[in-house]
Amino acid sequence: MMLADAPTPVRDIDAFLEQDQQKGLLRFTTAGSVDDGKSTLIGRLLFDSRGVYEDQVAAVRNSTLNRSTGPIDFSLLTDGLRAEREQGITIDVAYRYFATPKRKFIIADTPGHEQYTRNMATGASTAGLAIVLIDARNGALPQSRRHAFIATLLGIPRLIVAVNKMDLVEFRQDVFERIHEEFSGHLKRLGAGEAYFIPISALEGDNVIRRSPRTPWYEGQSLLDRLESVPLEDGHTEQPLRFPVQYVIRPGASFRGYAGQVVSGIIRPGDAIMALPSGRTSRVKSIVAWEGELPEAFAPMPATICLEDELDVSRGDMLVHPARAPHASRRVEASVVWMSDQPLLLDRPYLIKHTTQQLTATITTLRHRVDVDTLATEAADRLGLNEVGSVEIETTRPLFFDSYTSNRATGSFILIDPATNATVAAGMIQEPHRESGAGRAARDAVLDLEFQASRLTPAERFARAGHYPATVWLTARQDLAYLLERRLFQRGCLVHVIAEEVESRILPEIAGLLNAAGLVAVFSGSAMDAAERERARTRVGAARFFAFDPQDLATSDEQAAEQICAALESSGVLPRLGFIDAEGI
Amino acid sequence: MLYSIGKDSSVMLRLAQKAFHPGRIPFPLLHVDTSFKFREMIEFRDRTACEIGATLIVHRNERALEEGANPFRLGTQKCCGLLKTRSLLDALAEGGFDAAFGGARRDEEKSRAKERVYSFRDAAGQWDPKNQRPELWNLFNSRIDKGESIRVFPLSNWTELDVWHYIHLENIPVVPLYFAKLREMIVRGDSLISTEHDPLLLPGEEPQLVMCRMRSLGCTPCTGAVRSDADTVPKIIAELVGMRRSERENRIIDHDQEGSMELKKREGYF
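So the sequences go chain by chain: A and B.
Just so we're aligned, residue -8 is where the first sequence starts under our numbering, counting upward by one.
Just so we're aligned, residue 122 is where the second sequence starts under our numbering, counting upward by one.
One chain only, chain B, in its complex shape (with noise of 0.2 Å):
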């Protein structure tokens, strides 16, 4: 199971839980890590994977960086391609796994509107959008040749309020970084940027002390904050309700380009 620590993953993990229990998860979590990613989400991983006795494996492309990739000298498009997509695809020919669960959720952004629940992916670990297997009912089509690979994304039908209202109605513990305190961030236009990992200032940028949570949990140079006092899980679905922007607005790799998303997904991005 592709563990990515954010609130969907969660509630993967626990829908796991529910289906093995009483048994244990049949399977490891994967963790592709950037090492980008905000220090409570690895302090959350850990402690996680060891309460509910799970087996973790963490994947780095330790080879990019040595080179020393990052968003800032690569751009955000060629230091995904590397640090994620690429990293995730190794980790998946290294352990040899024929199928992993994704925590992705149509409802996320256009191309993944169209995704499959079992997607497909050929030898290279790429999608075909134009070449999908249909899925009719509940009957999904599992069978691969030798390396090829199906990517599972169980939470396919869930909307962002979907998720949240299960984390409330579960009491399914999240990263602290979702709820609302005053943070240290550069304030940069609408965006809000942790300065954790010693982002590059703009002339006359001065970190702030600001109230606010993460809507969406990625690599701390490419995901934004947005201003919020919603410290619990009922004020951040109240604040859902009346929210008329995305989740994924403050993702920047989304916005790189013009169908960015399928663009990384065609190469074999989650």
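Here chain A stands alone, though its shape is the one from the complex (with noise of 0.2 Å):
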């Protein structure tokens, strides 16, 4: 047995704490099936790095359950209900804590037996790194192969392969070696994370803390010694900002706060910012917190967000960077784990929480279950408990969100029965970038009505309209868009406005269309982000695409309506208000 050496006395308390403050944080899960040796080499893990105190050692010694031969069995440490005790299982997530110098750890440890797909699921949603245990005797089984499965499925961006049970397999390389290398072929067809193979025993510590001298042919880490080096993710501050909004706190009548978290990027006083869903914009006036304002909030801090101007948010809205807004929509797909003995139904109303909004959806379509052991896609028409498959959801509001992918923050949910108020799914939103079928048909149609077919030239529309056809692009400021399309009428434009919530990918296709025509056209979707942005500027040409930040534009809608006209008359576009008079049009 091998032990970590004794800690050495503190003397220096303030040098330690300022350590401690600085020491990463690493989550991990661990999963495996039911005799791989799992609770034995968490039971290690904890027991060498003084992660569990001598009494629960003593109590575990002094258990009439203590079933291995060795001195302590190990898995006692872990396995923490009753029920699971008397059959020598685990049946649910157990979180554990412990650190070392470097590093502190949060394990959570899910069972290896039916309910695996759910529990692990739940453990990997939160977890940097996972780790996939093999038994070296049998190779890898289903349940190693599900668990990198759902590992990549949860986005765990790394994961350690321990081949276990090393020393009744005489530590042989070329078991190993076979192992390895028919695993690293499951985890490429996965699309896995990085992965590092290492050859243990759970039981006897070899490559579990240090390197062992039974395995000379492995070059790599301990065990350890990767859990305490493996880049750590967190920050998420190069990401866009998103800012769900918790609750409002007002204290009275002075004071209006939004609080929540940031989950991913910065928010610092005098940015731009718009509110979703209503897409009204305003500033940051400070950022309010206990130790007083700050210069800066970033992910994951919590915070308290005052704004210059009092709009309408309320808990469930997202305040965001107008120019890097989410995705906008009512229809999404996604991944789900299904996680409760009812069914999937298709058109029932189920609850989705995503975010900090609860709403009311239906899921429209199962487009494919997936086989969990062999990737398979499969038609289906129901999904069960355990069961993995792609759908499509359509809620009653729009869902402000990211692809899970970019953002776990913005691009999960889960899915409530609102008859039993259990949590039925959890969901894993796409990049929307391949369209449903009534998405596509509607896009195709639009297309179709390019007016390439028109026997009408540019120059005559321009001689009967008395200006060129533009497409202007506003973030947010719906009351504007209405005014500016007023202001145009009046002076004789063709002008027509999409201000009202519309699936923000066929906006450019719209803005084709009507500069085909030769209108003006004035969007204000509440989210409409900076992709679509570039592809309508793509689609009408930069010469005819006019788009303003909040930022760039006067707070008042008169004077930004003047703004823009003035944008566009000195681009060629309008002629000048002048020369329009003179002529008497």
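Among the hints, a few may not be true.
Heads up, simulated SDA-like pairs for lysine to any residue below, C-alpha to C-alpha not over 25 Å straight-line [to be verified]:
#1 A:Lys276 - B:Phe141
#2 B:Lys139 - B:His286
#3 B:Lys139 - A:Arg247
#4 A:Lys95 - B:Leu282
#5 B:Lys199 - B:Asp249
Hints in this document: simulated from the structure, not taken from any laboratory.
Quick caveat, the model's predicted, so the values are computed rather than measured.
Fit chain to chain and form the complex, with the hints in mind.
This is the structure we're talking about:
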């Protein structure tokens, strides 16, 4: 048995606290089949890193259920509940904590039997790494493959593949290499993240804390060294700002703050901010905290945001930077892990909980089921407990989301059965590029309507309208959009506004269509993201495309409308006002 | 918020103050008083509630106390059941509360390692460890029917060391019982038992002055002290880092039979 060194007495407590504060936190999951030694491995990590206490060890030593032949059954340190002590299996997700001088760790320990998929997904949802255990004697069983699949589905970026019980195969390199090769192929098919293979014996401690002399052919790190050195994914400060509002703080008439967590990005006082779903904009007046006002707040900090203007913002709304808005749609495509005995039913109401909002949702289509063992997709009309599928979901109001692969916080959701209040599914939203049949048909219809077949020339249209077509792209500012329409119409322009909730991905096509008809098209969706804006710019041509960010425009709608008209004039789209008057149009 | 006066409650209270700042905490604090708590705890409780301007509800199972409930006569299991679990369920029912925060941490005890952050309790206030809602990401399901309730454990993922570290960083006041000083104690084997509330002395036992502190706080007859000279937060942290015994070790109620915390939790204990 290899024990960690006794802790050195803490002499300089301030230095220790300083160091402790700098320590990163790695959350990882473990899962495995019933007898592959997962609990033993965790027990050993806890014991050797002093994550369990002497009295807990003593309780296990004294336990009537100590099943091991050795002095301590490490698995009894982690198997928490009576029922599972009696059955000898873990039945749920158990969380365990330990720290080394380099890092703090949280283990989500999940069982390896029929509830596996559901529990594994639960543990994986917040993990940065997964340890997949393989019994060296048996090679990769379906459950190891399933574990790797769920870990990948839930977006865990790194895997440690621990080939356990090497002591029972005489620490043979060829056994390890064969498993390595076979399982690598499986991971590649999955599109899994980085994987590190380590030959270990959890029972005897080889390559768990330190490199073992019994595997001289293995040149990689020990399991603990690997856990202490894998990169940590935190911050998400490069990503667009997402601030789902949890609570409105109003202690008196003079203060109104929006409390919540910055789930990605950075927010600073002075930033232009758009509130979703209203699309109204303002600027950050201050970021308020217990300690005083903050110069910035970044993921994953909680914060209270005060805005310069009184917008109608409540729980479930989201604050974002207008130029980097999320997708907005009442229809999303998602992978779901079904977690209930009651199977998935189409066209019945569920509640969807996404960020801080909860809406009614229906699953309109079950696209396919994924066989978690073979990864084959198959047509299905139902999804049962522990099954994984791909679905289309329609909500009563728009969701503001990113794909799960780009943002775990705004790309994830749970489904709740309103009849039983049970959590029935976990969902990962897909990037909305593949369109549903209906969506594609609608878009194709728009494309087909291109006025290429028209016998009228742009010159003829100009002669009739007195101006060139243009697309004005406003982020939010619906009131401004309607005022601008009115002003342009009063000047004799052919103009039309699209300011309601429209599927944002067809906006570029609509812009092309309206411009082809010679109109000035004014867009003001609440959440038109940067990608759609660039597509629209390409679609209508840069010379005809005028995008205004909120910070470019006066806050007064009247002044802003004049600014936009001036921009259209100076680019030659509109004739100068005096000229039109002189011609009497 | 279930306010037990201990270090975890103190941290949870500070988190709530921060979350709602500059507003006040929009819910009352509830203390389930068994009447066997340390005097210093009660003083600290009243002072804290007053200082932060929170509403404090104190609930006792008066009927059981009138009938003479105490751990010496009933045994610790029955006493806890009446004065803590029953009392808590009554207090929640009386207040019509459908959700309550608690300061429990998963690292305290094995069955708590499987506790949810949002822990569903049926209409009788009971926990069913085999039928818990899966909890993914930070998306918590708070849906309940009438009569049912949710216990919320915001410190689920904190360790004992995290708690002390935070107390140090944030300069959070805690009950002086956590700090070492000379106290009059009964020395019984490895246990140090407070003389407050006049526990029964075994033949030959004499109270002695011992340099000690409490590692966790409960009722005086059932909360042992540990020998220690850690009289500041940094010294406590230094002691913990070198410590190899768990913090609930001195809590007699956890050890009265195997799996005993799980039994209490099923019945509605925190």
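**Prompt:** Are Lys139 of chain B and His286 of chain B close enough, with their CA atoms no more than 25 Å apart?
**Reply:** Holds. Lys139 of chain B to His286 of chain B sits at ~17 Å (cutoff 25 Å).
**Item:** Satisfaction of hint between Leu282 of chain B and Lys95 of chain A, Cα-Cα up to 25 Å
**Value:** The hint holds at about 11 Å.
**Prompt:** Are the Cα positions of Lys276 of chain A and Phe141 of chain B separated by 25 Å at most?
**Reply:** Measuring from Cα to Cα gives roughly 18 Å; hence the hint holds.
**Asked** Can the restraint linking Lys139 of chain B and Arg247 of chain A be considered satisfied, given a maximum Cα separation of 25 Å?
**Response** holds, 16 Å
**Asked** Under the criterion that the straight-line Cα-Cα distance not exceed 25 Å, is the pair Lys199 of chain B, Asp249 of chain B satisfied?
**Response** Holds. Lys199 of chain B to Asp249 of chain B sits at ~21 Å (cutoff 25 Å).
Checked against the numbered hints listed earlier, the structure breaks none of them; every hint is satisfied.
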